[in-house]
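Number of protein chains: 2
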Amino acid sequence: MLQATMSSRRESETLMLVLNVSEPPSLWHELSGSIRSSILPTRNRPSSLTQWIVSVIYGLFPIVHWARNYNLKSFKSDLIAGLTLASLGIPQSIGYANLAKLDPQYGLYTSFVPPLIYAVMGSSRDIAIGPVAVVSLLLSSMTQKIVDPLADPTTYRNLVLTSTFFAGIFQVSFGFFRLGFVVDFLSHATIVGFMGGAAIVIGLQQLKGLLGISHFTNNTDIVSVIRAVWVALHHNGVRKRKLFWLAATTPLLSVILSTLLVYLTRADKHGVKIIQQVKEGLNPSSVKQIQLTGSHVGESAKIGLICAIIALTEAIAVGRSFAAVKGYQLDGNKEMVAMGFMNIAGSLSSCYVATGSFSRTAVNVSAGCVTAVSNIIMAITVLISLEVLMKLLYYTPIAILASIILSALPGLINFKEAYIIWKVDKMDFLACFGAFAGVLFGSVEIGLLTAVIISFARIIIRALRPNIEMLGRIEGTNIYCNMKQYPFAITTPNLLIIRIDSPFLCFINANFIRERIIAWVTEGHDAIKEKTGIEVTSVIIDMSNVLNIDTSGISAIEELHKKLVSACVQVAVVNPGWEVIHKMKLSRLVDKIGARIFLTVSEAVEALASSAMKQENSDIV
Amino acid sequence: MLQATMSSRRESETLMLVLNVSEPPSLWHELSGSIRSSILPTRNRPSSLTQWIVSVIYGLFPIVHWARNYNLKSFKSDLIAGLTLASLGIPQSIGYANLAKLDPQYGLYTSFVPPLIYAVMGSSRDIAIGPVAVVSLLLSSMTQKIVDPLADPTTYRNLVLTSTFFAGIFQVSFGFFRLGFVVDFLSHATIVGFMGGAAIVIGLQQLKGLLGISHFTNNTDIVSVIRAVWVALHHNGVRKRKLFWLAATTPLLSVILSTLLVYLTRADKHGVKIIQQVKEGLNPSSVKQIQLTGSHVGESAKIGLICAIIALTEAIAVGRSFAAVKGYQLDGNKEMVAMGFMNIAGSLSSCYVATGSFSRTAVNVSAGCVTAVSNIIMAITVLISLEVLMKLLYYTPIAILASIILSALPGLINFKEAYIIWKVDKMDFLACFGAFAGVLFGSVEIGLLTAVIISFARIIIRALRPNIEMLGRIEGTNIYCNMKQYPFAITTPNLLIIRIDSPFLCFINANFIRERIIAWVTEGHDAIKEKTGIEVTSVIIDMSNVLNIDTSGISAIEELHKKLVSACVQVAVVNPGWEVIHKMKLSRLVDKIGARIFLTVSEAVEALASSAMKQENSDIV
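Those protein sequences? They're chains Z and S, same order as listed.
Okay, so the first sequence: first residue is 1 according to the UniProt record's numbering, each after it adds one.
Okay, so the second sequence: first residue is 1 according to the UniProt record's numbering, each after it adds one.
Where hints are given, some of them may not hold.
[To be verified] The calculated label-pair distances, taken between Cβ atoms and stated as ranges, are:
1) S/613 <-> Z/325: 16 to 26 Å
2) Z/52 <-> S/612: 35 to 45 Å
3) S/257 <-> Z/457: 54 to 64 Å
Please keep in mind that the hints were generated in silico from the structure rather than gathered at the bench.
Every value quoted in this text rests on a predicted model; they were computed, and no experiment measured them.
Here a beta-carbon is modelled for each residue, glycine too, at the ideal position from N, C-alpha and C.
Build out the structure end to end from the sequences listed, making use of the hints.
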C-alpha cells in the first residue's frame, strides 16, 4: 500500500523533495558559528555587563557555586578525606620529586600551590591534585637529555620550571580555544599501553633507589635499565633485599618506621642512603627561574607541550570516570583552563607539573570526600609539614621512596583492559602495544608517536579504501542490506544495488570507488552467486552514507555515470547527503543524471523495474 | 500492512537478524586477501606455467595484444600523427631541456628512448611521451639547490640522471605494490592550482631567455623572479620585444625562421644568444653517471620521489581523460610500471624524467593517432634529427626556445576549472589556492605540501567533528530524514531520533559524540522548535552510518547508554554496521543494551511507542 502511494507520487514529488532542499550551512557560517559558541559557550546570552561578569566568574570559579551550600557535615567528610589524602600524598610527593630528579621539597611544593588553585577553579569534586609518577618520569627523561641533573642541578631545575610554565600556558590555551580534542588524540588503547610501559620503566628505574645503587643509568629505555640493574646487582650484591616487604605497608607508616629504624640503627653509616637535608619553609618564588629567552626555550616548550597533553589526559580520564560514578558532568575545556592556571601559578612558586593522580583520587573518594575542600585540607597539611616536619625527614632512607613509587605502579598496568582491547579490536591493540613497546624499548616520545601514528593511519586508510557493498532485500520487507552481512538477502540478477560506504567521497578514494564499481558492473561480482551470464542492465548507487564530496568525487561520479550510460546500463542514485546533493546541483551533475535520483532504494528499484517494463512494452509495440 | 507484519515479528526475528550475523572478515583475512589480489590480479588464475608466462607477458607488454590487428590504415594515421607530434616535440624538447638547465640534446634524448619503451609497455593509445615543462622545472629547481648547473654542469647532470633513475624505481614500485593511491594524494584541485602556479613561475623564468638577459636569478619564487626581471629590464632595456609575436606561430616554423633570420643577419654578433654547439648522435650510455653512493643519494632519491609522483599524476590525468573520450580503460598500476621502466631505461641512456605531456597528447589525438605507433614514429624522427639535423640548430636563438615554452604555458593555467572548484567546494579551492600560492611565492615543495596538508586536514577534521543529525519522519512515508535538510519532517516531542554521521566511531570523536548527544537529550535542541518543556523520554540512536568502532567508541556508547538509562530515558540503537555489531557483541555491550537493537528507525519508533503504551497501561492498573 505504502509502495503504491510512493510509486504514484514518484518522478515528481520525491525527486523534488531531494532536489529542492535548502542550501546546507556554508563553510563560513559553520566556522563563525563554532567560534561564536566558543566565546559565548552558554545558550542564554547575558543581557548586561554585570550579568556577563557574574557568568564569567561563575564559569572560572565553580567554588562560588558550591561554597554557598557548604556545611559542617560536608566539611567533616572533607577533613577526613583531606588528612587521608595527605598521609598518602606527602610520601608520594617526595618520591615523585625523586623520580623527577628534583630535591624532595619540590614534590611537597607541588602538592601545596596547585591543589589550592584547583580547588577554586576546577569543576571536579573528587580529583586529587599533585605530582604524578608518569609526568615526573616524562619531565626527567626529556629534560635530562638537555642538562644533566647531577652535574648542573640549578639549570636542570630552571628548565623543569620553564617547561611547567609552558605546560600551563598550553593547557590554558587548549581550554580557551576549545582545543580539548588534542587530548582525544591519545586513544584509550594508547593510554593503556603507555601507562603500562611507563610503569615498567619507572619500576625498573626505582630498583636503583631500592637497591641503593649509586652508579646507575639515567636512560629510560628498558635495555639500558636492565643492563644497569644486572651490573649493579652483581657488583653490590642484594644486601638490602629485606626492605622489599615495606612496600606492602602504607606509605606514611613505612616512611616513619624506616626513618626511625635508620635513626636508631644509624644505618646511614653502613651504606643506606638517606635524604639528609630537606629545605624547610613554604614554596619560594621561582618567577626569576622561568627562562623565556636563551637556547633551551624551544625544547622547554616542546617538553611543556608533551607534559601538558599527558597531564590533561590523565586528569580528564580520572576526573571523568569519578564524575560518571557520582553522576555529574565535567566540562573538559573548563578543566583545562583550571589545570593550566594551576600549573602557571605552580611554575611561579617552585612547583613542577601537577595533575590529577589516579591513586590519590581513588583514596580521596574512598575516604569520603564531598568537595574540592579535601584538596585544601591536604594542601594545608602539606604546608604544616613544610614548615615544621622537614627536619624529621633527615634520616628517611631513599630506598623507601622507591618502594612508595613502586607500590603505586601496579595500578598503572592494566592487563584486563589490554585483554579486552585485544579481544574487541586488533588494530586498537596494535596502537596499545605500540605505545607500550615504544615507551619500554625506545623513549616516551617514541611510544606516544608510534601509537598516535598507528591510530591516525587507520583513519586515513579507512578514508582511502572505503567499503563498497552490494545490497540485497530482506524477504518480506523493503529493507536493503549488505549482502555479505546478510547472505540470505534477495537480489535480482540484472540489477546491482551498490552502497558507497564512505562519508567523504574525495580525491583519495574517488578513483578507487569509480574503478571498483565499473569493475563490478562489467565483470560481475562474487556476491551474486546466482548470476549466470545475465548482463547487468541497471545499477542503483546508494549514496545515503556519502555525506560530503569534493570536486574529485564529483568528477568520479560524473565519469562513472557517463561510462555506465554509454554501456547501456541504467543508473539511479539514491539519497545523497545534503552537501552532496547541493554540490551535485552546483556542478550541474544533477542535470546529467536527470530524474533518476531517489530518496530510498526501494523507490529506485521500483522505478527502474517499471521503466524496464515500459521499455519492453515499447520494444514489443 | 508492512508495518503490522514487522511489528508482530519484532523483538524476536529482527533482533535475531541483527545479532546473528556471521563474523565480519577479520583484519588478517582482509589483509591477506588484498595481498593475494595484488600478486594475482586476474580473476581467472592461470592453470599452467606457460599460461602464466603468457599472461604476464600480455600484462607487461600490451603491444602484443594490439600489434596482431595492426594494419596499414592505422599505420597511415599513426604516421601523420607521429610526424605532427615530432614537429611540436622536437622544439619543445629542446626548450624543456633548457628549462631543466641541461644541454639541448638531453631534451631530444628524452624524446627518443622513453617513447619507444612506453610504446611496447604502456596501455594508453593516445599519450605522447617526452619531457614536460612542470617536471623540467621541478628537476632544475630542486637539483640546483644542491649543485649550481653553471658552475659544475657535470655533477648537476649526474644528479639529474640519478634522480631520474630513482623516479623510475619509485614508479615501478608504486605499480608493482599497487601503491597507485599515492597519485591520488594530489587531488584534482591541487593539480589545477599547482599547474597554474608552476606555469607562471616557468613563464617568469622564461622572460630571461626571451629578453636575452644574462644575469638572472635561479630562484623559482615569484618575488625574486619579478625583481630580477625588473632589474634586467631596466639595465638591458627592452630591445628584443619584437620576438614576442613569434610565440603565437607554430614552434617548428618559428625555430626554422628564427634560425634562418639569425644566420642571415648574424644577429648573434649583436647580442642575440644562440644555442651554438649541439652534440650530434644517438643517446650515449649514462650507466656510469648514476650515482648510488656518495653524499647526494638521499637528496636524489627525494627529488626522484617528488618527480615520480608529479610525472605520474600528469601522465595518468592525461591518459585517463583521453581514454574516457575514446571509451577504453587504463589500469593505473600497469601504467605506473610502464612509466617506471621507461624512466629507468631513460636514466641509463642520458634521458631525464619523461612523462605524458598535456599539450603534445592533445596534438597527437587531434592529428588522428590510433595506437602508440605514433610515439614510435616520433622517436624515429627525433633519432633522425639527432643524427643529421643537429648542426642546423647552431644559429637557433635561445629566445625562441623560451617563446616555445611560453606558448605551452596557457594550457596549464585553467581559470575555468579553478572557478568551478570555487563554486562547488570552498575547501577544495583552498587546497587549489594553497598549491598555487605555495609554488608561486615559496617553492614547488612548499606548494605541494601546503595543498596536501590542507586536503588531509579536512579528512581528519571531518573524522574529528562528525555531524550528528536529528531525524524526522517525512509525512505519509516511513522514511526518516535529517531535520535540517528537510525542515518539514515530523517529530514527536518526547522522542529524539539521532543519527551519528561518522563511519568510524573512534577515539578522536567518541567523546564529542557522547557529550553532544547527552547535551541534546538533557538540554533539548534547536531543531525541535515545537518542544515546549516536554521532557525527552526516549532516544533512538541511528547507527546505520557507523561502519566501524574502536574500544574508545565502545566505551562512549556504553557510557552514553548508562547515562541515559539512569536519567530514565529509553534508548534504542538502530542498524549498527557489521563490524560495530560484532564488536558490541565481543565487548558485551549488546547484553547491556538488551533487546533494544533494531534494523530500521521505523521499527524502533514503533517498539518504543508500544512499550510506552504498555508502561502507561500498567501505571493505570
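Quick rundown of the hints versus the structure:
With their beta carbons about 34 Å apart, residue 613 of chain S and residue 325 of chain Z fall outside the hinted range of 16 to 26 Å. Separation of residue 52 of chain Z from residue 612 of chain S is about 42 Å and conforms to the stated range, judged on CB atoms against 35 to 45 Å. A beta carbon spacing of about 57 Å between residue 257 of chain S and residue 457 of chain Z agrees with the range 54 to 64 Å that was offered as a hint.
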